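**Student:** Chains as they are written, first to last, in numbering that gives the first Met the number 0: chain U, 0 to 152; chain S, 0 to 152.
One or more of the hints may lead you astray.
Stated by the list, open to error - Quick list of simulated restraints, FRET-style, between CB atoms:
#, chain 1, residue 1, chain 2, residue 2, range
1, U, D97, S, D12, 30 to 38 Å
2, S, V34, U, N16, 20 to 28 Å
3, U, K28, S, K19, 28 to 36 Å
4, U, E67, S, R149, 15 to 23 Å
5, U, D97, S, N83, 45 to 53 Å
Unchecked claim - Examples of chain U residues lying across from chain S (beta carbon under 8 Å, computed):
#, residue
6, K2
7, F3
8, W17
9, G32
10, N108
11, I115
12, H117
13, I124
14, E136
15, N145
16, I147
17, G148
Treat the hints as calculated values from the structure; they're not laboratory data. As the structure is a prediction and not an experimental result, all values here were calculated from the model. Positions of the beta carbon are idealized from the N, C-alpha and C atoms, including for glycine.
Listed here are the chains, written in short residue letters.
Protein chains: 2
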Amino acid sequence: MKKFFEYNWQKRDEWVNWCKQLTTEELNKKRVGGVESILYTLFHITDVEYSWVRGIQGKEDVVFQFSEYDTLEKVKSLSDRLRNEIIDFLKTNITISDAELVSVPWDENKYTTDDILHHIVAHEIHHIGQLSVWSRELKLVPVQANFIGRKFN
Amino acid sequence: MKKFFEYNWQKRDEWVNWCKQLTTEELNKKRVGGVESILYTLFHITDVEYSWVRGIQGKEDVVFQFSEYDTLEKVKSLSDRLRNEIIDFLKTNITISDAELVSVPWDENKYTTDDILHHIVAHEIHHIGQLSVWSRELKLVPVQANFIGRKFN
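This is chain U alone, in the form it adopts within the complex (with noise of 0.2 Å):
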């Protein structure tokens, strides 16, 4: 499963780069499907990915709210700083529970650690998916999205 954290988030930070070459007005255009904007989008995954860790570890959910985190830059940072605390996390106090039933705030229904680690891989996975979409609608290459060829750590 840590592959599969590793894969979105190598892509998420070559996302990150690609829009660079966006102006502010075209990363946060609202487009059909998906969530909102590119950026939006950006800023959801991670938001999602880190409200379910904490979850798991049955810590409060913290709630970010995208007008605080309305730049590139601050989504990256806000990404980096949260995937840093997962990567801790992953890494020493896992246990990976196919039994055992988490609660969270957010959804009356209870789910095993292992169905959320893969919620969460599945769903950053679709979002990308998404803006492989609208970057071909603004005639523009998206990110490669193959795991395999990738190096991870």
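Given the structure of chain U, go ahead and fit chain S onto it with the hints provided.
**Tutor:** Only chain S this time, still in chain U's reference frame:
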């Protein structure tokens, strides 16, 4: 990893059902981003998954021509047929090696079984993310993508 395959298959079937509301023209219409059309996307993820699984098995690649699978029924039938083979393989024969390298005819590089399985999973989720944007462009509600809340066999 098996859970991700089941997630992809369940969602693929839901997309096939979702497609039933579309005309043949809409199914085959060439769209911006992704691979060609909605129907071609479903064919492509089916084809790619099978090719890589055969690659892992050391079996010769079977090349499918889209022109022979150019209706929803034919793609669904192909998907079902190949899936049965893949299920049998995943259930009984797979050793997920992170060392031994697999060689396939369509790629000059070699990859581990573990990386190839990651690749297959991410490949389908990515393309399904693209379908979700096209769905909204058609003013239709896409198939729910969440991993959590699903039941697998």
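**Student:** Each hint should be assessed against the structure and marked as holding or not.
**Tutor:** Hints and how they fare:
Evaluation of the 30 to 38 Å hint for U:D97 and S:D12 yields a failure: the beta carbon distance comes to about 24 Å. Range check, S:V34 to U:N16: Cβ separation about 24 Å, and the 20 to 28 Å hint holds. Checked against the hint of 28 to 36 Å, the pair U:K28 and S:K19 passes, with Cβ atoms roughly 33 Å apart. At about 33 Å, the CB distance of U:E67 to S:R149 disagrees with the hint of 15 to 23 Å.
A hinted range of 45 to 53 Å is violated for the C-beta pair U:D97 and S:N83, which are about 26 Å apart. Because the smallest distance between the Cβ of U:K2 and any Cβ of chain S comes to about 6 Å, under 8 Å, the interface hint for this residue holds. Because the closest C-beta pair between U:F3 and chain S is about 6 Å apart, less than 8 Å, the hint holds. Interface hint at U:W17: violated, since its Cβ lies 14 Å from the closest Cβ of chain S, which is beyond the 8 Å cut-off.
Here the hint on U:G32 is kept, as its CB sits about 3 Å from the closest CB of chain S, short of 8 Å. Because the closest C-beta pair between U:N108 and chain S is about 7 Å apart, less than 8 Å, the hint holds. Taken as an interface hint, U:I115 checks out: its beta carbon lies about 7 Å from the nearest beta carbon of chain S, inside 8 Å. With its C-beta approaching chain S no nearer than about 5 Å, U:H117 sits inside the 8 Å limit, and its interface hint holds.
For U:I124, the interface hint holds, since its Cβ comes within 8 Å of a Cβ in chain S; the closest pair sits about 4 Å apart. About 5 Å separates the beta-carbon of U:E136 from the nearest beta-carbon of chain S, less than 8 Å, and the hint is met. Because the smallest distance between the Cβ of U:N145 and any Cβ of chain S comes to about 7 Å, under 8 Å, the interface hint for this residue holds. Checking U:I147 against chain S by beta carbon gives a least distance of about 4 Å; that is within 8 Å, so the hint holds.
Annotation: interface hint on U:G148 holds; nearest CB of chain S at approximately 7 Å, less than 8 Å.
Comparing the model with each earlier hint shows violations of hints 1, 4, 5 and 8; every other hint is respected.
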